[in-house]
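Student: Chains as they are written, first to last, in the numbering used here: chain A, 251 to 537; chain B, 251 to 537; chain C, 251 to 537; chain D, 251 to 537.
I should point out that these hints are in silico values taken from the structure, not numbers from a laboratory. On a predicted model such as this, the values are computed, not experimentally measured, just so you know. Treat the hints with care, as some may be off.
No copy is singled out in the list; a pair is fine if it fits within one copy or between any two copies.
With a straight-line Cα cutoff of 25 Å, these simulated BS3-like cross-link-like pairs (lysine-lysine) come out [to be verified]:
(1) K456 with K505
(2) K349 with K401
(3) K398 with K349
(4) K456 with K398
(5) K456 with K396
There are 4 protein chains.
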Amino acid sequence: MEDRHLATLLISCPDRRGLVAALAQVLSGHGANILDSDQHTDRNVGQFFQRIVFDTSDLTTDAHTLRSAINEVAERFGMTHRLVLASAPKKRMALFVSKYEHCLYDLLLRHQAGELNCEIPLIISNHSDLRRVAEQFGIAFFEFPKTKETKAEVEAQELRLLDENQVDVVVLARYMQILSSEFVSAFPGSVINIHHSFLPAFIGGKPYHQAHNRGVKLIGATAHYATAELDEGPIIEQDVVRVSHRDDVADLVRKGRDLEKIVLARAVRCHLDDRVLRYANKTVVFE
Amino acid sequence: MEDRHLATLLISCPDRRGLVAALAQVLSGHGANILDSDQHTDRNVGQFFQRIVFDTSDLTTDAHTLRSAINEVAERFGMTHRLVLASAPKKRMALFVSKYEHCLYDLLLRHQAGELNCEIPLIISNHSDLRRVAEQFGIAFFEFPKTKETKAEVEAQELRLLDENQVDVVVLARYMQILSSEFVSAFPGSVINIHHSFLPAFIGGKPYHQAHNRGVKLIGATAHYATAELDEGPIIEQDVVRVSHRDDVADLVRKGRDLEKIVLARAVRCHLDDRVLRYANKTVVFE
Amino acid sequence: MEDRHLATLLISCPDRRGLVAALAQVLSGHGANILDSDQHTDRNVGQFFQRIVFDTSDLTTDAHTLRSAINEVAERFGMTHRLVLASAPKKRMALFVSKYEHCLYDLLLRHQAGELNCEIPLIISNHSDLRRVAEQFGIAFFEFPKTKETKAEVEAQELRLLDENQVDVVVLARYMQILSSEFVSAFPGSVINIHHSFLPAFIGGKPYHQAHNRGVKLIGATAHYATAELDEGPIIEQDVVRVSHRDDVADLVRKGRDLEKIVLARAVRCHLDDRVLRYANKTVVFE
Amino acid sequence: MEDRHLATLLISCPDRRGLVAALAQVLSGHGANILDSDQHTDRNVGQFFQRIVFDTSDLTTDAHTLRSAINEVAERFGMTHRLVLASAPKKRMALFVSKYEHCLYDLLLRHQAGELNCEIPLIISNHSDLRRVAEQFGIAFFEFPKTKETKAEVEAQELRLLDENQVDVVVLARYMQILSSEFVSAFPGSVINIHHSFLPAFIGGKPYHQAHNRGVKLIGATAHYATAELDEGPIIEQDVVRVSHRDDVADLVRKGRDLEKIVLARAVRCHLDDRVLRYANKTVVFE
Numbered sequence: 251m252e253d254r255h256l257a258t259l260l261i262s263c264p265d266r267r268g269l270v271a272a273l274a275q276v277l278s279g280h281g282a283n284i285l286d287s288d289q290h291t292d293r294n295v296g297q298f299f300q301r302i303v304f305d306t307s308d309l310t311t312d313a314h315t316l317r318s319a320i321n322e323v324a325e326r327f328g329m330t331h332r333l334v335l336a337s338a339p340k341k342r343m344a345l346f347v348s349k350y351e352h353c354l355y356d357l358l359l360r361h362q363a364g365e366l367n368c369e370i371p372l373i374i375s376n377h378s379d380l381r382r383v384a385e386q387f388g389i390a391f392f393e394f395p396k397t398k399e400t401k402a403e404v405e406a407q408e409l410r411l412l413d414e415n416q417v418d419v420v421v422l423a424r425y426m427q428i429l430s431s432e433f434v435s436a437f438p439g440s441v442i443n444i445h446h447s448f449l450p451a452f453i454g455g456k457p458y459h460q461a462h463n464r465g466v467k468l469i470g471a472t473a474h475y476a477t478a479e480l481d482e483g484p485i486i487e488q489d490v491v492r493v494s495h496r497d498d499v500a501d502l503v504r505k506g507r508d509l510e511k512i513v514l515a516r517a518v519r520c521h522l523d524d525r526v527l528r529y530a531n532k533t534v535v536f537e
Numbered sequence: 251m252e253d254r255h256l257a258t259l260l261i262s263c264p265d266r267r268g269l270v271a272a273l274a275q276v277l278s279g280h281g282a283n284i285l286d287s288d289q290h291t292d293r294n295v296g297q298f299f300q301r302i303v304f305d306t307s308d309l310t311t312d313a314h315t316l317r318s319a320i321n322e323v324a325e326r327f328g329m330t331h332r333l334v335l336a337s338a339p340k341k342r343m344a345l346f347v348s349k350y351e352h353c354l355y356d357l358l359l360r361h362q363a364g365e366l367n368c369e370i371p372l373i374i375s376n377h378s379d380l381r382r383v384a385e386q387f388g389i390a391f392f393e394f395p396k397t398k399e400t401k402a403e404v405e406a407q408e409l410r411l412l413d414e415n416q417v418d419v420v421v422l423a424r425y426m427q428i429l430s431s432e433f434v435s436a437f438p439g440s441v442i443n444i445h446h447s448f449l450p451a452f453i454g455g456k457p458y459h460q461a462h463n464r465g466v467k468l469i470g471a472t473a474h475y476a477t478a479e480l481d482e483g484p485i486i487e488q489d490v491v492r493v494s495h496r497d498d499v500a501d502l503v504r505k506g507r508d509l510e511k512i513v514l515a516r517a518v519r520c521h522l523d524d525r526v527l528r529y530a531n532k533t534v535v536f537e
Numbered sequence: 251m252e253d254r255h256l257a258t259l260l261i262s263c264p265d266r267r268g269l270v271a272a273l274a275q276v277l278s279g280h281g282a283n284i285l286d287s288d289q290h291t292d293r294n295v296g297q298f299f300q301r302i303v304f305d306t307s308d309l310t311t312d313a314h315t316l317r318s319a320i321n322e323v324a325e326r327f328g329m330t331h332r333l334v335l336a337s338a339p340k341k342r343m344a345l346f347v348s349k350y351e352h353c354l355y356d357l358l359l360r361h362q363a364g365e366l367n368c369e370i371p372l373i374i375s376n377h378s379d380l381r382r383v384a385e386q387f388g389i390a391f392f393e394f395p396k397t398k399e400t401k402a403e404v405e406a407q408e409l410r411l412l413d414e415n416q417v418d419v420v421v422l423a424r425y426m427q428i429l430s431s432e433f434v435s436a437f438p439g440s441v442i443n444i445h446h447s448f449l450p451a452f453i454g455g456k457p458y459h460q461a462h463n464r465g466v467k468l469i470g471a472t473a474h475y476a477t478a479e480l481d482e483g484p485i486i487e488q489d490v491v492r493v494s495h496r497d498d499v500a501d502l503v504r505k506g507r508d509l510e511k512i513v514l515a516r517a518v519r520c521h522l523d524d525r526v527l528r529y530a531n532k533t534v535v536f537e
Numbered sequence: 251m252e253d254r255h256l257a258t259l260l261i262s263c264p265d266r267r268g269l270v271a272a273l274a275q276v277l278s279g280h281g282a283n284i285l286d287s288d289q290h291t292d293r294n295v296g297q298f299f300q301r302i303v304f305d306t307s308d309l310t311t312d313a314h315t316l317r318s319a320i321n322e323v324a325e326r327f328g329m330t331h332r333l334v335l336a337s338a339p340k341k342r343m344a345l346f347v348s349k350y351e352h353c354l355y356d357l358l359l360r361h362q363a364g365e366l367n368c369e370i371p372l373i374i375s376n377h378s379d380l381r382r383v384a385e386q387f388g389i390a391f392f393e394f395p396k397t398k399e400t401k402a403e404v405e406a407q408e409l410r411l412l413d414e415n416q417v418d419v420v421v422l423a424r425y426m427q428i429l430s431s432e433f434v435s436a437f438p439g440s441v442i443n444i445h446h447s448f449l450p451a452f453i454g455g456k457p458y459h460q461a462h463n464r465g466v467k468l469i470g471a472t473a474h475y476a477t478a479e480l481d482e483g484p485i486i487e488q489d490v491v492r493v494s495h496r497d498d499v500a501d502l503v504r505k506g507r508d509l510e511k512i513v514l515a516r517a518v519r520c521h522l523d524d525r526v527l528r529y530a531n532k533t534v535v536f537e
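Let's have the full structure, built from the sequences with the hints guiding it.
Tutor: Set out below in structure tokens:
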């Protein structure tokens, strides 16, 4: 079986009996072989989530017919669903950066190593500092300086550029600007941010300074979907590292860099692999 | 929905197409509502594993008919399977201990707190030291001193006692004796041991001393199924804790106690909840 | 060398040159042998901290003379200091509990195992539930129910009782009552609380519910010195454990129990071993 | 105080009374101000270790006189010691690589970010693959293919090259060749290797395959000083990451890359900062 025959189906709907069997049956009935299936029911809110990976190499129908049949089941059960065939073009990811290079380098190197299943058509920055990194990796770099006055106009330009490049996912890789809610809503559920604290602790600016002042014994990083409210979006991934009284703010920044890279990369990878479902300002992240 | 209507089905078989749909269909067809399903395919060896939790409160048939239908599918696909109804009696767990009390106390307190879904009819030891703990918790305590000469005979007595008490699971909670392969094979896949190292490092005696001599920077603990070969059985759970040059052997022992308790408790809990499947000297542990 | 000849000296003062040499010299000059010394300078605030452990078995003077000499150096450099001789009586620790038993059991078992260098003369609770645990360990148990109206009066009774028992340290082992600032200030720097979140996230009530609502991917526990402001005191120790969308509030509570126990025990142990120095709402915790 | 006035003194000797005071006194007597001091005594073997950082900006003598005075104390107490003035040239580090780029990129980026206090005059490889990375960072790259027959001769060439470049530290950043004991002994205590397992588990080749076969639940990485015996040298740093039955060997390799980078970087940083002391095939790593 080759990877180009893989398909992934993501489902979210109110929990109802017979759901799982109905889906298994429609897939099996069309010759799809279920390779992996993971599901979750949030009993508090009565919501059902499932991720199914199946092999389409022995389909008894064509992909179009299968899609129609899945749509029919989805409608019957009131499902929100997404079917991604491995033959579909890869997701296209834009990286937004400012002056810090560590997350940018990390994502580009992982992409180069084949860890991230996407294209990276462009990098956007409000500064010119990281143009050299973009050039090292042969990726287009666009500089869009912003001021309070020009922000709306510049964001409109950025959106046009993203649209021209058919971008699906925007990753804010330590982008030190707050995007407007208009911008964010142009990519619903597809703008990923890394915040350098263990959210909801230390929301807003200078979280390492805040952490140092509070005297915490661990610092964290949080990757989340950006929403209109700063640092309040659904959390995809978090991790922490131990610090002590010996660590001053510069040490927290240094230790935090490693955290930020790893946490953002894990979140991006999960998103690109269609492992994340959003609901109620939370995420289901299937392993 | 009450918990007494829950049922768990564990499956292991060679991977074949149609498996998942066939099971989903037989359950759905009898009115069972699948609440949770987790599966795994080891593509290297072509083996399929699944754990399904379903609600039986609206079965359109009785449990006996459902069981027969499942057996039929199982036979068709060459499945090894186990169906556990929540109405079935709880598993019965025997604890084997020597002189260390920390794992014993930990398991008894978790049991008391409702974390472990089992009965604990008895505690067996080769020493009398922990009788007082058994008494605190009102559990029968049996002392079986062992020598090289009496080992075979004493083990036979222990097996009779376990049999009389209808014991399903034996947990070696820092039991400082090696059980014979005859003993272990009387409880296939149901003797859980805690070894105080990160296996396969530091097999055998005095692993904290070995770790201290080697100068490691982390120490570990490993819960595994006991097999005929010492410390070689399938690993269920492992964890580590950081140590430094400041820690002497006594510190490793102290830090290790916390690890041993937590690792053993997690493994026992997974086993009792029918989350563990064995194959090829490994385990699949469904979350 | 026996442990009863050990002495610990804790120092905090504005950083000045010659400090370290002056102390080393006065100790050496009296025949004290420095076994362990750890120090820290917070350059932002210009504050110096040191912990020295030394052997007094070959003192050329008596302890009183040594103490005077240390006092003299301390005065010269404006030091706050504390000298603890191993021959001094052990610290006396009171445990405050409500209905949750896990932290209580954990501390009592560690005390029994020799991990905590203290006496535990009494347990105080606002409920009767845990009297049976106190009895198991042969420790006096006092029940002080509290209402808003009686709080001040009851706290006064509690303080008298603590005074009669010469208590040095108060540990709130999941005590579900807020102590008044009067009470806390009666034990300056010696009331240790465990809060079941990663502070400063989820301050106040029901932190596991808050964490579940926010959809975090890690939960934490924080041991800190209680101050007049709820959950704002200097942090001694923190740790986290991974959770996922599968974990409901009950799972967070269960996973959190293990965290709370370990984090509280580490903090208590550090405090009892005179490893913690407070300044600027932070702690220096020497290893 | 500027960093160029900092000095670091590392000491190892049999434990004797008066050591600490003698050193503090000689430093203080020459106008050195001790900023940080960390020490350790291994009571099992009676060995003492200390790391002192002091400020030389107000020395009452010159550095030469201070050095002589320290030498005198060192001789008196039988100390092995090393005095590093911040004004001394930076350590010179050579990187040995094969085909894997992740550790190489990681060290070069950290160096670029100012995390590693050293010069990197050259990169040596037995393959040409990573020449492009060396060029990106403007570092000389030397390719030395090796066969069993040419190994001795090629190593001699490498040693000459290292000597010409005044290299102090050799880091094997996933160098897939075993160095001869002659080579290793040319840099006593200064060849750092990263092994992709939690040593002493899975010594030798293909440790991720070994780990997968054994069914471990955590994988590790170990940075250690290379010695004549493969994977047996003193451990500087280790860490682990959780894996599950879902992870095949390729997943272990991917997860392991992050571990290897971080563990190696931490070890290299500690070595460059003169925080590591070796004894009895172990290390003391001062924080």
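Student: Evaluate each hint against the coordinates.
Tutor: Hints versus structure:
For a Cα distance limit of 25 Å, the shortest separation of K456 from K505 inside one copy, 15 Å, qualifies, whereas the shortest one across copies, 30 Å, does not. With identical chains, the CA atoms of K349 and K401 are at most 25 Å apart within one copy only, with a shortest distance of 18 Å there and 45 Å across copies. For a Cα distance limit of 25 Å, the shortest separation of K398 from K349 inside one copy, 19 Å, qualifies, whereas the shortest one across copies, 48 Å, does not. Taking the shortest Cα distances, K456 and K398 sit within 25 Å of each other inside one copy (20 Å), while across copies they are farther apart (40 Å).
In this homomeric assembly, K456 and K396 come within 25 Å of each other (Cα to Cα) only inside a single copy, at 20 Å, whereas the closest approach across copies is 42 Å.
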